[in-house]
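*Asks:* Using the hints, position chain B against chain A.
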Amino acid sequence: MFNAFRTIVHRDLLLAMRRRSDVLTTLFFFVIVVSLFPLGIGPELDTLRLIAPGVFWVAALLASMLALEKLFFVDYQDGALEQMLLAPQPLFVLVLGKVFAHWLVTGLPLVLLSPLLGLQYDLPGETIAVMMFTLLIGTPALGLIGSIGAALTLGIRGGGVLVSLLVLPLYIPVLIFGAGAVEAESSGLGGAGHLSMLGAILLLSILAAPLATAAALRISAE
Amino acid sequence: MLEVDNLQCTRGDRHLFSGVGFTLSEGELLHLYGHNGSGKTTLMRTICGLVAPTEGEVRWKGEPIRRQRDEFSAELLYLGHKNGLKDDLTGIENLLVACRMAGLALREEQAWEVLERMGLRGHEDLPARVLSQGQQKRVALARLLLSKAPLWILDEPFVGLDVAAVALLEKVIADHVATGGLVVLTTHQEVALTSGKVKKLRLGWKEDGRV
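Chains A and B, in that order, are what the protein sequence lines are.
The opening position of the first sequence corresponds to residue 0 in numbering that gives the first Met the number 0, with each subsequent residue numbered one higher.
The opening position of the second sequence corresponds to residue 0 in numbering that gives the first Met the number 0, with each subsequent residue numbered one higher.
Bound conformation, chain B alone:
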């Protein structure tokens, strides 16, 4: 489904990565890892189409994503470093806006229900700016529970989450993979999946743990 072919990315005169290629089919998870600054985030943004690669291309269902931007976006859910939450909107409003922008019709009761499942009971109608880092992350991740997109691209989704939330997120990701979804994620922890296939891709030339 997702084919990445000989991708190269250059920032100024510095090569971030080159010759990166992989394919990902339904029910597979790709775990990207590598030292800080090895280009994981840039690679993810390139796969989304936010960054244009200097060489190579990304194909979705056999078509280059450049030529089917709207169709590809409809099947993609990207959560980056920045949560994309509006400080002055409440958790509910943030979730409603995010889902409507992604083309999902969502009723307010559903939003309340989902935020409760994300462990935000009692905090749903507080402005995002008063929520803690982890709670903000939970609001952003609530989109995963509602998304119908087959391809999830998650940049460090576990950062800032407590043990319970990590377990919940692992379950959500595992369920998605089990139902034929595709996931690309970066994280510094092990990803355990009960079903489906985990692929690994290391970026950068440095060994882990050495500087």
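Bound-form chain A, shown alone:
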């Protein structure tokens, strides 16, 4: 079972390495969206500091949304998905592997780049650290929740729009607790409560989302 997980992670990372443009699109989207706000608002540091958590989190949400379309689509087109469905391993393990690899190439770079972007918003060091931490636990949850939508809309024309309608409402709790944690921490209230909730969402989605995604894939692949 672990072998299958490793195989699929290895395969998807290799594919991402061979086709780097797909990976970079998501990252550049995030960088550009986040950078537009300081340019639009001007050098008012108080305002920028205030809106930073919200902007970072909304940008992360949209970037993760953008990347979702590709999650299962190529596998669906070239028949690799059929072989995944017929593999003798439980499908949710393979789904978990795919989402993990997907997060490594589209989520993690975004987390690593966020401190640099935080400088544009004149964020203090501690706030940047908290922000990174919330993104680190929040983005995998986004990928997991999003994978359900991606699986359900597989093979449907105009699936891209549908996936945002399906998935964005489900992202709201992650947005609230993710941005909330940063705000609470920077205003001195302490964000431990928000962080625990975010962690709980991540655990719940690790347990439930792959099963739901696996079921959705079986329906979509018919």
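No lab work stands behind these hints, which were simulated from the structure alone.
Accuracy of the hints is not assured; some may be wrong.
Ranges between beta-carbon positions, derived for each pair [as the list claims (entries may be wrong)]:
id, chain 1, residue 1, chain 2, residue 2, range
1, A, L203, B, S24, 46 to 52 Å
2, A, L203, B, K81, 44 to 50 Å
3, B, G121, A, R19, 50 to 56 Å
4, B, A163, A, R19, 55 to 61 Å
5, A, L203, B, Q67, 28 to 34 Å
Given the structure is predicted, the values throughout are model-derived calculations rather than measurements.
The beta-carbon is built from N, C-alpha and C at its ideal position, and this holds for glycine as well.
*Replies:* For chain B alone, kept in the frame of chain A given last:
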């Protein structure tokens, strides 16, 4: 071993087929034929468990496949219309991934050897996207040489292959049947087997050759 009982499949409000039933035992090959659109591919996908039948069931060793999905999958090799190859991976990488996913431990030297036997010498480490249609098919079919699964379900395996590859594939299939394997395949050409038993099943109501 494989029992298909009164299978019916409906797409929307259109019946593709109904009342399809057969049994297949060790050392037997089932040749599915019928006009285009008669539901051959759907029937195969139903037998694999990719499509849920509207009525009837498929049993493997007496158990419905729904209740033993992982066990059944381990004993099944399905090659569909789509090759399941990744464009950006080389033939070797594709074969390694496919076999590992199917639960076969495979060393890289073995993969090289098998692709050479499939007539891909010198093309093993090219990305699948630059290979020709027939070569891609050969990479996909290389799995047959390594598979330990008793049941093979092959959808149009001969399409796009040259004469030498057709002969090789016929031999591989014949060997599998001779060693007690089960094969279900669709093809528009005659299947000649030296040993084992060939069963035939026609889908659809139209005569061959008439529209």
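*Asks:* So which of the earlier hints does this model not fit?
*Replies:* 2, 3, 4
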